[in-house]
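Visitor: Chain by chain, the residues:
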Amino acid sequence: MFDVIVIGGGVIGGAILRELTKYKCEVCLLEKENDVCMGQSKANSGIVHAGFDAAEGTNKARFNVRGNALMPAYAAQLGVKYKNIGSLVVAFSDGDLGTLVRLKERGEKNGVPGLELVDRKRLRELEPNISEEAVGALFAPTGGIVCPYGLTIAEIGNAMDNGARLYCNFEVTTVRREKDSFVVGSADGREVRGRVAVNCAGLGAGKVSALFGDDGLRIGGRRGEYLLLDRADGDFVSHTLFFTPTRKGKGVLVSPTADGNLLLGPTAEEVEDGGTQTTQEGIASVIAKAAEMCRGIPFRDVITSFAGVRAYSQTHDFIIGESERTEGLFQCAGIESPGLTSAPAIAEYLVGTLLRKKLKLEKNPLFDGTRKPDHFFKDLSVAEQNALIREDPAYGKIVCRCEQITEGEIVRAIRRNPPARDADAVKRRTRAGMGRCQGGFCQSHVAELLSRELGIPFDEVTKSGAGSELLKGVSK
Amino acid sequence: MKTENAIVIIGGGPAGLAAAVQAYDSGARDILILEREPRLGGILNQCIHNGFGLTRFKESLTGPEYARRFERAVRERNIRAMTDTTVLSLTRDRQVTAVNAAEGAFTVRAGAVILAMGCRERSRGALNVPGTRPAGIYSAGTAQKYVNLKGYLPGKEVVILGSGDIGLIMARRMTLEGAKVRAVCEIMPYSSGLKRNIVQCLDDFGIPLYLNHTITKIEGEKRVTGVVVSEVDGNKRPIPGTEMHFDCDTVLFSVGLIPENELTKSAGIPLCAGTRGAAVYQNRETEAPGIFACGNVLQVHDLVDFVSEEAEIAGRAAAEFVSGGAGERDAADCVNGKNVSYVLPQKIDKNLRGDVKLFFRVTGTFRNCTVLAESGGKILAGRKRRIAVPGEMETLLLPAEKLKEIEGELVVRLEEESWK
Numbered sequence: 000m001f002d003v004i005v006i007g008g009g010v011i012g013g014a015i016l017r018e019l020t021k022y023k024c025e026v027c028l029l030e031k032e033n034d035v036c037m038g039q040s041k042a043n044s045g046i047v048h049a050g051f052d053a054a055e056g057t058n059k060a061r062f063n064v065r066g067n068a069l070m071p072a073y074a075a076q077l078g079v080k081y082k083n084i085g086s087l088v089v090a091f092s093d094g095d096l097g098t099l100v101r102l103k104e105r106g107e108k109n110g111v112p113g114l115e116l117v118d119r120k121r122l123r124e125l126e127p128n129i130s131e132e133a134v135g136a137l138f139a140p141t142g143g144i145v146c147p148y149g150l151t152i153a154e155i156g157n158a159m160d161n162g163a164r165l166y167c168n169f170e171v172t173t174v175r176r177e178k179d180s181f182v183v184g185s186a187d188g189r190e191v192r193g194r195v196a197v198n199c200a201g202l203g204a205g206k207v208s209a210l211f212g213d214d215g216l217r218i219g220g221r222r223g224e225y226l227l228l229d230r231a232d233g234d235f236v237s238h239t240l241f242f243t244p245t246r247k248g249k250g251v252l253v254s255p256t257a258d259g260n261l262l263l264g265p266t267a268e269e270v271e272d273g274g275t276q277t278t279q280e281g282i283a284s285v286i287a288k289a290a291e292m293c294r295g296i297p298f299r300d301v302i303t304s305f306a307g308v309r310a311y312s313q314t315h316d317f318i319i320g321e322s323e324r325t326e327g328l329f330q331c332a333g334i335e336s337p338g339l340t341s342a343p344a345i346a347e348y349l350v351g352t353l354l355r356k357k358l359k360l361e362k363n364p365l366f367d368g369t370r371k372p373d374h375f376f377k378d379l380s381v382a383e384q385n386a387l388i389r390e391d392p393a394y395g396k397i398v399c400r401c402e403q404i405t406e407g408e409i410v411r412a413i414r415r416n417p418p419a420r421d422a423d424a425v426k427r428r429t430r431a432g433m434g435r436c437q438g439g440f441c442q443s444h445v446a447e448l449l450s451r452e453l454g455i456p457f458d459e460v461t462k463s464g465a466g467s468e469l470l471k472g473v474s475k
Numbered sequence: 000m001k002t003e004n005a006i007v008i009i010g011g012g013p014a015g016l017a018a019a020v021q022a023y024d025s026g027a028r029d030i031l032i033l034e035r036e037p038r039l040g041g042i043l044n045q046c047i048h049n050g051f052g053l054t055r056f057k058e059s060l061t062g063p064e065y066a067r068r069f070e071r072a073v074r075e076r077n078i079r080a081m082t083d084t085t086v087l088s089l090t091r092d093r094q095v096t097a098v099n100a101a102e103g104a105f106t107v108r109a110g111a112v113i114l115a116m117g118c119r120e121r122s123r124g125a126l127n128v129p130g131t132r133p134a135g136i137y138s139a140g141t142a143q144k145y146v147n148l149k150g151y152l153p154g155k156e157v158v159i160l161g162s163g164d165i166g167l168i169m170a171r172r173m174t175l176e177g178a179k180v181r182a183v184c185e186i187m188p189y190s191s192g193l194k195r196n197i198v199q200c201l202d203d204f205g206i207p208l209y210l211n212h213t214i215t216k217i218e219g220e221k222r223v224t225g226v227v228v229s230e231v232d233g234n235k236r237p238i239p240g241t242e243m244h245f246d247c248d249t250v251l252f253s254v255g256l257i258p259e260n261e262l263t264k265s266a267g268i269p270l271c272a273g274t275r276g277a278a279v280y281q282n283r284e285t286e287a288p289g290i291f292a293c294g295n296v297l298q299v300h301d302l303v304d305f306v307s308e309e310a311e312i313a314g315r316a317a318a319e320f321v322s323g324g325a326g327e328r329d330a331a332d333c334v335n336g337k338n339v340s341y342v343l344p345q346k347i348d349k350n351l352r353g354d355v356k357l358f359f360r361v362t363g364t365f366r367n368c369t370v371l372a373e374s375g376g377k378i379l380a381g382r383k384r385r386i387a388v389p390g391e392m393e394t395l396l397l398p399a400e401k402l403k404e405i406e407g408e409l410v411v412r413l414e415e416e417s418w419k
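From first to last, the protein sequence lines are chains A and B. First residue of the first sequence? That's 0 in numbering that gives the first Met the number 0, and the numbers climb one at a time after it. First residue of the second sequence? That's 0 in numbering that gives the first Met the number 0, and the numbers climb one at a time after it.
In case anyone wonders, no lab produced these hints; they're calculated from the structure. In this text, all values refer to a predicted model and were calculated from it rather than measured experimentally. Note that CB positions come from ideal geometry on N, CA and C, so glycine has one too. Hints may be right or wrong, so weigh each one.
[Said to hold, decoys possible] Beyond 12 Å from chain B on every Cβ pair, some chain A residues (computed):
| # | residue |
| --- | --- |
| 1 | Gly219 |
| 2 | Thr352 |
| 3 | Lys396 |
| 4 | Asp421 |
[Said to hold, decoys possible] Under the rule of at most 25 Å between Cα atoms (straight-line distance), these lysine to any residue pairs were calculated in the SDA-like manner:
| # | chain 1 | residue 1 | chain 2 | residue 2 |
| --- | --- | --- | --- | --- |
| 5 | B | Lys1 | A | Pro392 |
| 6 | A | Lys371 | A | Pro392 |
| 7 | A | Lys288 | B | Lys235 |
| 8 | B | Lys216 | B | Arg195 |
| 9 | A | Lys396 | B | Glu36 |
| 10 | B | Lys149 | A | Gly454 |
| 11 | B | Lys216 | A | Gly466 |
| 12 | A | Lys80 | B | Leu87 |
| 13 | B | Lys264 | A | Lys362 |
| 14 | B | Lys155 | A | His444 |
| 15 | A | Lys377 | B | Thr106 |
| 16 | A | Lys206 | B | Leu87 |
| 17 | A | Lys396 | B | Asn147 |
| 18 | A | Lys23 | A | Arg194 |
| 19 | B | Lys149 | B | Thr174 |
| 20 | A | Lys249 | B | Asn127 |
[Unchecked claim] So the derived label-pair ranges between C-beta atoms look like this:
| # | chain 1 | residue 1 | chain 2 | residue 2 | range |
| --- | --- | --- | --- | --- | --- |
| 21 | B | Asp92 | A | Lys23 | 30 to 36 Å |
| 22 | A | Pro140 | B | Glu408 | 55 to 61 Å |
| 23 | A | Pro140 | B | Ala101 | 47 to 53 Å |
| 24 | A | Ala72 | B | Asp332 | 29 to 35 Å |
| 25 | B | Glu415 | A | Gly273 | 51 to 57 Å |
| 26 | A | Pro71 | B | Lys356 | 56 to 62 Å |
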């Protein structure tokens with residue numbers, strides 16, 4: 000019997016799970032895929048927003064500003080890369096400049112510190128590659144970038160280190176109430192029982208809510224396509240660059256990533272299903288929009304394109320709190336941008352205020368919120384590298400040459416929480432396969448390590464769970 | 000371990016091995032090869048088909064056989080090679096930092112460095128091919144590694160994008176392993192592969208080659224289930240209405256090779272946009288004194304035989320450099336002119352001895368044409384070509400006595416009408 004069942008292993012579910020382990024309670028996480036962080040938390044811009052976009056008084060504004068303030072320490076504690084690079088909303092017309100003034104006022108009402116309007120000349124000093132057409136910008140010094148999947152995995156891993164349980168391939172298909180608890184079942188017949196449940200199911204939140212008897216949640220999906228460029232281009236711009244927002248949203252951004260790549264995107268297209276395919280039109284529009292923002296983007300250095308689907312609710316604001324129809328069901332739904340930034344603040348409120356009161360939770364004195372990074376060898380000094388190699392020679396073997404990831408780091412990612420069970424899971428944790436060759440050289444080596452560590456035949460190793468086996472049997 | 004070496008060679012594939020042997024034979028003794036894989040030979044180890052060595056040895060060898068000849072030559076000379084050792088960084092003043100399990104991370108100060116890291120394959124991502132990202136998408140070389148070195152089949156129904164040599168070789172290999180290769184698509188109006196490979200790998204097995212076609216969509220959630228292939232126009236843009244659908248579980252990409260010059264760049268050595276390798280003098284010395292480059296890290300070669308030939312130039316020059324043979328330079332730029340996409344070497348030192356073989360690629364298919372090297376209005380070398388194609392490297396020999404006639408820059412171009 001769990002005190003809390005968290006449904007959905009994204010950045011919100013992860014933050015809530017970890018926050019819960021700060022208290023004396025039994026908690027578990029249900030994830031429908033073979034690994035955590037398989038939805039929108041793995042395919043978004045990785046931006047820590049300052050907090051001037053959302054209107055005053057909304058959940059988005061409130062949790063964004065608080066999340067922005069929490070993020071530096073939160074990421075540091077979890078061993079995740081965060082960089083406070085600042086952001087620029089770029090104006091291309093007088094109309095845009097007017098919007099920036101309103102954005103600045105809104106940001107100030109929301110409590111965003113340090114907002115500053117910069118003129119054409121200053122903008123060029125800040126960003127030499129900015130388009131000739133740009134006329135000014137709103138500078139937000141508290142804007143930043145964080146690795147979104149690194150953060151999600153670290154939250155969940157740290158929660159597990161503090162006692163949380165993880166059930167993967169657990170797609171919630173049945174819910175029934177028994178006395179004071181829920182019994183939540185998966186397609187394969189497994190059941191878990193808990194006093195309360197937290198719905199962090201992203202695109203699936205409407206469906207999950209309905210299974211709990213609350214069919215009032217309407218969730219839509221908006222697909223965004225991205226292009227990722229080589230790490231050699233991570234310094235092409237030094238801030239996150241946004242277009243001045245229109246009614247259609249924030250549009251395509253140009254930004255370094257926390258790991259030093261250059262990211263372009265996203266598009267925004269309403270979708271019925273959760274399909275994350277990229278399209279010719281989408282890729283072409285990212286290229287066209289990014290080229291409007293900056294001159295001379297080295298498009299020949301694109302290493303991959305990808306898409307994510309962002310879930311939004313019928314209110315277009317975050318829905319956070321206990322369901323009005325189903326007691327004991329707590330909703331965290333419609334967490335679109337700035338959801339990543341807001342994650343620690345949402346968890347702080349939902350757990351520290353709502354669940355604490357509901358379940359009369361007491362502090363867990365044994366909680367240790369720190370976690371070491373998943374990939375780190377490259378950043379060590381030679382002396383530290385050698386100390387590590389003496390202890391475990393696997394750290395002396397480079398498996399992923401593009402990102403300089405060692406066998407030691409990969410084996411550790413397979414063994415530590417949350418355990419990597421497929422090639423993509425290894426990639427998200429260690430970056431092996433995420434570099435410029437896109438796994439061309441290292442995938443077979445990673446597959447061998449998975450086979451050895453998991454004790455499964457080589458040709459049963461998958462890319463991302465059952466049905467995605469890398470190989471089709473032995474050769475003749 | 001020893002922290003100084005006269006010559007450090009980064010990469011123990013065909014380029015590194017041939018450079019090592021030639022450096023030794025030119026008088027160098029203190030040579031260290033650093034190889035990241037467990038054994039020497041580089042990519043040749045997985046190229047189990049034959050056709051290697053026809054130019055150099057006048058016999059048809061498999062990749063491993065070709066590699067073993069050079070590996071043996073290295074062993075016979077007692078040249079030191081460290082395998083399972085990855086170079087992490089290189090500085091302009093020739094400090095090489097590497098790591099392996101036995102020694103840990105260590106730095107070697109080198110008298111000369113030879114860059115021989117080879118190349119990598121362009122990936123699906125670099126092409127922006129739209130669609131999903133399921134299992135079953137491989138570069139041709141990765142598939143080759145699974146089949147030939149690991150003994151596993153990456154898929155059973157295959158569509159290949161790109162008609163580079165590795166793609167063609169894998170079309171045959173997968174067919175021989177029992178897979179069905181449904182199509183090879185090439186976005187260009189011509190294949191960049193060798194003619195012999197088109198005949199022996201596709202035609203002999205009845206595999207269709209679709210020129211002017213590309214994959215415009217990949218389908219499948221967990222595993223590839225199919226692709227959409229479209230014809231492209233003269234600007235390589237898909238033509239609506241020409242879509243063909245192929246059911247398949249695997250897509251192989253053979254869409255070009257990119258020299259792996261991350262170390263070169265980190266040492267601040269300038270690259271040539273055309274080759275994506277270092278800009279070099281005819282002795283394969285880069286702009287950084289004492290750092291040489293050869294093989295596919297310098298320019299993507301058609302045949303390993305040419306890699307060996309180029310590596311020997313670098314090996315000899317590195318041996319001369321460490322014995323104090325570097326003299327004053329008298330440099331001229333060597334540039335690509337009409338119908339030529341790049342020329343190597345990018346710089347000619349008129350004080351160096353010997354003939355200079357110019358390597359270059361043409362920008363399209365030309366018949367009955369002339370390739371020539373010109374400087375100051377004077378043609379210094381030229382020859383007629385019955386056919387010149389981008390997929391086959393062109394060469395021109397600039398005789399030693401012509402070097403002093405270079406005034407300003409040397410331009411290599413192709414004239415479409417036969418030159419008298």
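Visitor: Which hint numbers does the structure go against, in order from smallest to largest?
Guide: Violated: hints 3, 4, 8, 13, 16, 21, 22 and 24.
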